[in-house]
Each structure stands twice: as C-alpha cells, then as structure tokens.
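*Asks:* Here is how the chains run, residue by residue.
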Amino acid sequence: MKAVIITRWLFIKRSMLSFFFWLLLPLVGALLLFAFVDVVEDDSYVPIGVIVEEETELANDLYQEMETSDFVAIRETEHDEAIRQLQQHELDSVFVIHQGYQEGIQTQQRTNLITSYQTNRSYAYTAVKEMIVSHIQEQGGRYQAVQVINQLSERYRGESLWSAEDVIQTSKQIQAEEQLIHASFQYASQAEKKDDEGSRWEIWHIWALLAILSSLLTMDWLIKEKQSFVTQRFYFTKLSWHDYLLLNGFLYFVIWLVIDLVTYVIFSVGFDETMGVVTLLSYRCMLTLLSFCVALVWKRLYVFYAVSFLMACMCGLLLPVRDMHVINWLHPMAAFLDNQITIGWLLCSAGVILFWYGRRRRENAAS
Amino acid sequence: MIKHVGLFLQNHLLQIKRKWWSLPLLLLFPIFIIGVMMVLIASFFSMGNKDDVVAVGLVDRDQSEETRFIMQLLEESSSISSVLDIERMDETEAKQAIAENELAAYLLFPDAFIDDLYRGESVELSVVGNRKQSVSSQLVHELANSAVRHISVSQANILTIQQYAKQLGMSEQARDDFMMEQFQSYLMETLGKDQVLTQEDIKNQATASPVNYYGLSAWFGLVTVWLFLMYHFFYKEYSPAIQQRMMLYGVTPLQQFIARFMMMFFIMMLLAIGSFFGFHEWWAWDLAGENIRRVMILIGFYVILLIQFLLLIELVVRSTKLRLFLQFVMMAVLFVASGAVIPTIYFPSYIQDLLNLIFSYHVFVWCEELVLNQRYYADYIPLIGMSAIGGVVVWVLAIWKGRAAS
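Sequence order for the protein chains is A and B. For the first sequence, the numbering used here assigns the number 1 to the initial residue and increments by one for each residue that follows. For the second sequence, the numbering used here assigns the number 1 to the initial residue and increments by one for each residue that follows.
Quick caveat, the hints were computed from the structure, so don't treat them as lab data. Given the structure is predicted, the values throughout are model-derived calculations rather than measurements. Heads up, some of the hints might be wrong.
[Stated by the list, open to error] Calculated pairs, DSSO-like style, for lysine-lysine (alpha carbon to alpha carbon, straight line, at most 27 Å):
id, chain 1, residue 1, chain 2, residue 2
1, B, Lys193, A, Lys226
2, B, Lys321, A, Lys226
3, A, Lys299, A, Lys238
4, B, Lys321, B, Lys19
5, A, Lys129, B, Lys193
6, A, Lys299, B, Lys193
7, A, Lys224, A, Lys238
8, B, Lys193, A, Lys172
9, A, Lys224, B, Lys193
[As the list claims (entries may be wrong)] Residues from chain A that face chain B, not an exhaustive set, calculated with beta carbons under 7 Å:
id, residue
10, His135
11, Ser163
12, Tyr187
13, Val265
14, Ser268
15, Val269
[To be verified] Here are the simulated distance ranges between beta carbons:
id, chain 1, residue 1, chain 2, residue 2, range
16, A, Ser69, B, Pro210, 38 to 46 Å
17, A, Leu32, B, Val211, 32 to 40 Å
18, A, Arg8, B, Gly391, 43 to 51 Å
We treat Cβ as the ideally placed atom computed from N, Cα and C, and that holds for glycine.
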C-alpha cells in the first residue's frame with residue numbers, strides 16, 4: 001500500500017493544480033452556482049406596465065405597494081404604448097387602476113376597479129395578479145372593518161365613536177404584531193416538518209451532479225496507465241496489475257471521502273442541510289465504483305472524456321423528470337437525492353468489478 | 001498553404017467516410033434530448049389544463065361550524081374547482097389515499113383552529129404532500145400559502161372589529177354570533193377577490209405564441225448541440241511525434257483550423273437549414289421567403305461565431321479535460337444568455353445590460369423578431385463586427401501558436 005501511495009503521489013505531484021481543481025469542483029462549483037442563482041433569483045423581476053388613472057391617496061398607496069414589491073419592475077407609460085409593448089413581449093402584463101378606485105374601496109363596491117391585460121406569453125401574470133389583488137383585498141378589508149364598526153357603534157351608541165384612521169391603524173397594528181396564521185408543508189413519508197421545503201435541497205442536487213462529472217474525470221489515470229508501457233513490467237512485481245488498479249482506486253476513494261467530509265460540514269453548517277452520512281457514503285462508494293467501471297471499458301482518453309460528459313449531461317437532463325417511475329428507478333442520483341442509501345447502482349458496479357477481477361487469472365494466462 | 005488546407009479537407013471527408021455509422025447517432029441523440037425537454041416543458045404547461053385537475057383532500061380535525069363552512073365553500077367554489085378537485089375526508093382516509101397515489105396532497109385543519117383564530121393565536125394550516133406528485137404538491141402548497149395570506153389579512157380585521165365590539169358592551173353571545181357572521185363575510189370576500197379586476201386577453205400576433213417560442217428554442221438548441229458534437233467529431237489530437245513531422249512538411253495550425261472551420265461550417269449550414277425547414281413545416285410558421293433568408297443569414301453568423309469561440313478555447317486551454325469542461329460550460333452559458341430558455345425580459349437589469357455583448361443573444365432576438373413578431377428586418381451589424389473580431393483573434397493566436405511550436 002505504501003508503494004502505491006508513493007507512486008500515486010509521484011503522478012499527482014506533476015499536476016497538482018489540475019488534481020485539486022477536479023477534486024474541489026463539486027464543492028466549489030456547487031457553492032458558486034448556488035450563490036449565483038440565489039443572487040440572480042433575487043434580482044430578477046417581472047416587467048409590468050401600470051397606468052394610474054386617478055390621483056388619490058388609495059390609488060397611490062396601491063402603486064407604492066406594487067413598487068416596493070421585490071419581484072416586479074414597474075414601467076409607467078401611456079395606455080397605448082403599454083399595450084404595444086405587451087404585444088411585443090417587452091412587458092409581461094399591464095394593469096390599469098381605474099378612475100373611481102378610491103371611492104370603490106371606501107364604499108365596498110369592489111368590482112372591476114382594475115383592468116389587467118395579458119397575452120398568451122405572460123408567464124408571470126398569475127403571480128403578479130395575485131400580488132396586486134391581495135393588496136387591494138387588504139385595503140378593502142380594512143375599509144370593510146371601518147364600515148362594520150361604524151354600524152355597530154351607531155346601533156349601540158347612536159353615533160360613530162371612532163374615525164376611519166383609528167380603525168385602520170389598529171388593524172395594521174394587529175396584523176404587524178401577530179404572526180397569525182401560516183401554512184406548513186411536509187411530505188407524507190417525511191418524519192419532521194419543514195416550513196420551507198424546496199430550494200433548500202438544490203445545493204445537494206448541484207453537488208451530486210458535479211460529483212458524477214468530477215469523479216469520472218478524475219478516474220482518467222486508469223486509462224492513461226492502461227496505455228503506458230509500464231503495464232508489462234507488472235509481471236515482475238509482487239503486486240498484480242489488477243491489485244494495483246484496485247488499490248489506487250481505493251486511494252482515490254479515501255481522498256474523496258476527506259473532501260466529502262469537508263463538503264458535508266460546510267453544507268450542514270452554512271446551509272443547515274440535513275443529509276444522512278450513510279447516504280453520502282454510499283453515494284460516494286457508488287461513484288467510485290461506477291467511474292472505475294467506465295474507465296475500465298474505454299481505451300481512448302478522448303472518448304472516455306466525451307462519455308463522462310455525456311453521462312453527467314444525461315443525469316442532469318433527466319433530473320427534472322425524476323418523478324416518472326421508471327426514471328426514478330434508473331437514475332443514479334435518485335436514491336441520494338431522496339436521502340436514501342444508493343444500492344442498485346452500487347451493486348451493479350461492484351458486480352462488474354468483481355467479474356473483471358475474477359477474470360484476472362485468465363487474462364494473465366492468455367498474455 | 002492552400003494545398004495543405006485542401007489536404008486537411010480531404011482528410012476530414014475521409015473521417016466522415018470512416019465514421020459514417022456514428023454520424024446518425026450523433027445527430028439523433030440531440031433530437032432525443034431536446035424531445036425529452038419539450039415533453040417536460042409541455043407537461044408544465046398542461047398543469048393548468050382542465051383535464052388533469054389536482055386531487056386534494058380536506059381533513060377537518062376542528063369540526064367547528066366555521067371550518068365546515070370553509071370546507072363547503074372550498075368544495076363548491078367554481079374558481080377553485082377548475083384547478084383542484086377537493087374532497088372532504090378524515091385523516092386515515094387521506095393517508096390511505098396518498099399511499100395509493102390517489103391524492104396530490106391534503107390540507108389539515110388542526111384542533112381548535114377557529115378558536116385560536118378568533119383569539120389571535122398563531123394557527124398552522126398543514127399541507128401534506130405526496131412525494132410521487134411533487135410538482136402538484138408544491139402547487140397546492142403555493143395555493144394554500146396565498147389563501148393563508150388572504151385569511152391573515154381578514155383575521156386582523158376581524159380581531160379589530162372584535163376589539164371595538166368589546167368596548168361597546170355587546171353581550172358575549174351576541175358578539176360570538178356577530179363574529180361568525182363577519183368571518184363568513186370576509187371569507188366570501190376572499191373567495192371573490194378576483195372580482196376587483198377585469199381580465200382582458202390581448203391578442204398578439206398569432207405567431208407569437210409560447211408554442212412557437214419553444215419551437216424556435218428547440219431548433220436553436222438543436223443547432224447548438226449539433227455544432228458542439230460536430231466539433232468533437234472532427235477534433236483530432238495528434239501525438240507530439242506526428243505534430244513534429246507535420247511541421248517539417250510546413251503544416252501550420254492555422255491551415256488545420258481553416259480546414260476544420262470550412263468543413264464544420266458547410267456541414268452545420270446543411271443541418272441548420274434542413275432542420276429549419278423541418279420545424280417550419282411542423283410548426284406551420286409560414287414565413288415569407290425573404291424572412292427565411294434572414295433567418296439563414298442569422299444562423300450562419302451563429303455557426304461562424306460558435307466555431308470561432310470553440311477554436312479560441314482550444315487555442316488557449318491546453319489541458320484536454322479542462323478545455324472540454326470550459327467549452328461545455330460556455331456553450332451552456334451562451335445558450336441560456338440567448339434567451340432561448342427563459343425570455344430575457346425576466347433577467348436582472350445588470351445582466352440585460354451585458355447581453356448586448358453576447359452574440360447568441362443578438363442572433364436569437366432577431367430570429368424571434370422574424371419568426372414570432374413577423375418583422376421584416378434584421379440587424380447584422382453587431383454580428384458582422386463580432387465575427388470579424390473573432391476571426392482576427394483566432395487567426396492571430398493560431399499563427400502565434402504555430403510560431404511558438406516551431
């Protein structure tokens with residue numbers, strides 16, 4: 001084993017930079033991509049056109065609310081110009097706040113206060129509409145409360161005791177003070193509850209994908225050494241060729257495990273991720289064995305690289321359709337991403353390697 | 001010089017002849033991949049279709065008058081039933097149904113839901129999803145979130161009313177009934193919330209539909225992937241010994257590049273134009289002749305610039321692994337930046353400002369204008385400039401590499 005480590009070190013020493021690049025690619029790549037997507041998602045906005053037909057307090061309030069919303073960017077234009085831009089798909093959708101908006105809200109005549117224009121390419125329309133309607137709903141609900149309270153005090157005291165401003169202020173205060181109702185989400189098969197599932201898992205997704213690519217590409221030593229003339233010398237050493245390759249593969253496995261440990265710590269501290277240690281271990285085991293198998297098959301380096309990219313590419317492309325039954329069964333990343341132990345691919349790869357190892361005598365005899 | 005270029009061209013033709021069996025595979029594979037992507041996108045779009053409404057269960061642990069009222073409303077509301085198929089059930093039934101994959105999710109109203117709501121205590125509405133229908137589960141979660149937002153606004157108002165009502169000295173019984181009444185009225189208001197706005201569909205050009213947009217994207221993606229594969233088909237790594245011998249014959253990297261460039265350009269144009277007519281038929285784009293010509297010119301520039309880009313990376317990066325990785329990543333970036341995946345109007349503004357520097361964006365934007373918006377104009381000037389610069393850079397680097405090698 002010591003000899004194997006030393007020879008491997010001689011190889012790695014010559015290309016330290018490349019070695020570490022590929023080793024750290026899943027970790028660094030996942031972090032960078034995740035940060036990038038995070039920033040871009042935050043800064044992305046839906047361009048909408050808003051036309052305000054009346055200059056009243058409530059209409060302005062609504063406009064302000066829309067403006068401070070973090071996912072739309074408002075372009076205030078003329079009606080015709082806005083429609084033209086909508087048709088050219090320079091705007092996602094257009095909203096017109098009509099004359100008589102304030103009066104409608106105050107008198108509870110809340111129909112058709114606003115007109116929305118959309119086309120068949122208004123991808124974000126539903127989300128924007130939902131946001132605007134909820135603001136109107138908020139305003140309207142408060143004035144409804146004012147009206148109800150006025151009626152009550154008229155009935156019991158014969159006069160209205162409180163001004164509209166007072167009531168609205170109280171309502172706003174109550175809403176701000178109390179975390180009143182919220183929806184939680186969990187899967188039926190999941191033990192603990194998570195309020196915000198979703199984007200949280202993505203960093204492991206990215207990592208798992210990059211890990212496939214990097215572990216395949218790092219295995220290229222196997223092909224390089226298969227081609228070299230040194231192969232013949234193994235007949236004169238104590239260590240057989242097959243054992244030598246397996247030991248080297250194991251060495252890489254150990255190196256990867258160290259990096260995975262770092263990754264695990266960073267992801268669980270930095271992103272508060274829960275990923276089973278055994279899940280990660282089995283995934284890494286599978287990756288090592290699988291890339292070992294793939295490297296055994298191919299003879300030419302360039303073809304091997306192409307195959308590696310193709311495999312990683314296919315895994316990535318099939319990820320979104322993972323829900324479909326058959327794919328979920330066949331996808332190498334599926335078990336890992338469901339936080340389960342990878343078994344199928346692990347056993348298959350191990351089987352292939354055992355078969356290859358079992359035939360070593362015959363190969364030796366033949367040559 | 002020209003003799004050598006001719007020689008390499010012949011060599012590439014030989015390559016095709018020798019590996020002809022792998023060509024159809026190479027060309028069909030991207031079609032398969034893009035087909036999968038299209039199915040995926042189509043399945044997202046059909047989410048809102050009436051023929052596959054999402055089945056949702058409602059579980060009422062509270063069993064109060066109000067929750068029963070909510071359930072009834074939810075079950076009967078027409079605006080909801082177009083998206084969701086809601087059914088009341090008890091918890092064991094719901095769990096069973098999820099296990100049998102009959103429900104996408106169920107909503108759980110906890111014990112004392114209404115009491116807590118009236119007293120202003122924090123209430124939790126649980127959505128329990130089905131992992132086998134995760135997209136639908138998330139949809140239900142989104143809807144529940146939006147409903148909860150509306151309810152919490154209403155709840156603040158109800159609590160406000162309650163607070164003032166207490167000061168008026170209503171009897172407790174009268175107040176309870178009154179609150180129930182208010183609760184219902186707010187709930188009705190929430191369900192009818194969409195009435196505040198009149199929705200109008202603007203008819204844009206008949207050609208400017210998402211279907212055509214994704215058709216165009218698919219074609220654009222196909223050309224991109226084909227070009228990348230073609231590049232690798234023609235790429236050949238020579239051993240140092242052969243490189244040295246070639247040098248002795250006066251062969252320079254530039255000549256090889258020119259030959260490869262010509263070969264790829266020719267084949268790619270055949271493929272791009274052929275496939276465009278396929279898409280044109282299939283999607284019934286029905287473009288005017290001059291616009292088809294404009295699209296051809298645009299895609300010609302795209303092919304030229306992409307080849308230049310790949311050659312540039314090949315010249316600069318020596319490690320094969322790293323080069324492949326960079327080429328792969330850059331192709332993906334160029335494709336996303338073109339706006340073929342997500343329309344560029346949804347990008348952050350600082351990225352939109354940068355897009356003007358990216359050729360794939362120019363090409364795709366003008367293709368969109370021609371095919372989707374029926375414009376009769378395309379601006380080639382930025383593309384001419386970029387391809388000229390690209391050509392010069394590759395040329396100079398290739399010569400410099402030739403010098404450095406000798």
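*Asks:* A separate judgement is required for each hint: does it hold in the structure or not?
*Replies:* Hint check:
As the CA atoms of Lys193 of chain B and Lys226 of chain A are separated by approximately 70 Å, the hinted pair breaks the 27 Å bound. For the suggested pair Lys321 of chain B and Lys226 of chain A, the alpha carbons sit about 18 Å apart, so the restraint of at most 27 Å is met. Between the alpha carbons of Lys299 of chain A and Lys238 of chain A the distance comes to roughly 26 Å, so the proposed pair stays at or under 27 Å and holds. About 23 Å separates the Cα atoms of Lys321 of chain B and Lys19 of chain B, which keeps this hinted pair within 27 Å; it holds.
Distance hint between Lys129 of chain A and Lys193 of chain B is fulfilled; the C-alpha atoms sit about 11 Å from each other, no more than 27 Å. The hinted pair formed by Lys299 of chain A and Lys193 of chain B fails the criterion: a straight-line CA distance of about 66 Å is larger than 27 Å. Among the hinted pairs, Lys224 of chain A with Lys238 of chain A is consistent with the structure: their alpha-carbon atoms are about 22 Å apart, no more than 27 Å. Restraint check for Lys193 of chain B and Lys172 of chain A: satisfied, since their Cα atoms lie roughly 20 Å apart, inside the 27 Å limit.
Of the supplied pair hints, the one linking Lys224 of chain A and Lys193 of chain B is violated, its CA atoms being roughly 67 Å apart against a limit of 27 Å. Annotation: His135 of chain A was flagged as interfacial toward chain B, and the flag is violated, the nearest CB pair being 10 Å apart, outside 7 Å. Checking Ser163 of chain A against chain B: minimum C-beta separation of about 12 Å lies over 7 Å; hint violated. A cut of 7 Å between beta carbons decides the hint on Tyr187 of chain A: the least distance to chain B is about 5 Å, and the hint holds.
Because the smallest distance between the Cβ of Val265 of chain A and any Cβ of chain B comes to about 26 Å, over 7 Å, the interface hint for this residue is violated. Taken as an interface hint, Ser268 of chain A does not check out: its beta carbon lies about 23 Å from the nearest beta carbon of chain B, beyond 7 Å. Below 7 Å, beta-carbon pairs count as interface contacts, and Val269 of chain A has none with chain B, the closest being about 27 Å; its hint is therefore violated. For Ser69 of chain A and Pro210 of chain B, the Cβ-Cβ distance of about 25 Å falls outside the hinted range of 38 to 46 Å, so the restraint is violated.
In this structure the supplied range 32 to 40 Å holds for Leu32 of chain A paired with Val211 of chain B, their Cβ-Cβ distance being about 35 Å. Taking the beta carbon of each, Arg8 of chain A and Gly391 of chain B are about 45 Å apart, inside 43 to 51 Å as hinted.
In the structure shown, a violation is registered for the earlier hints numbered 1, 6, 9, 10, 11, 13, 14, 15 and 16, in ascending order.
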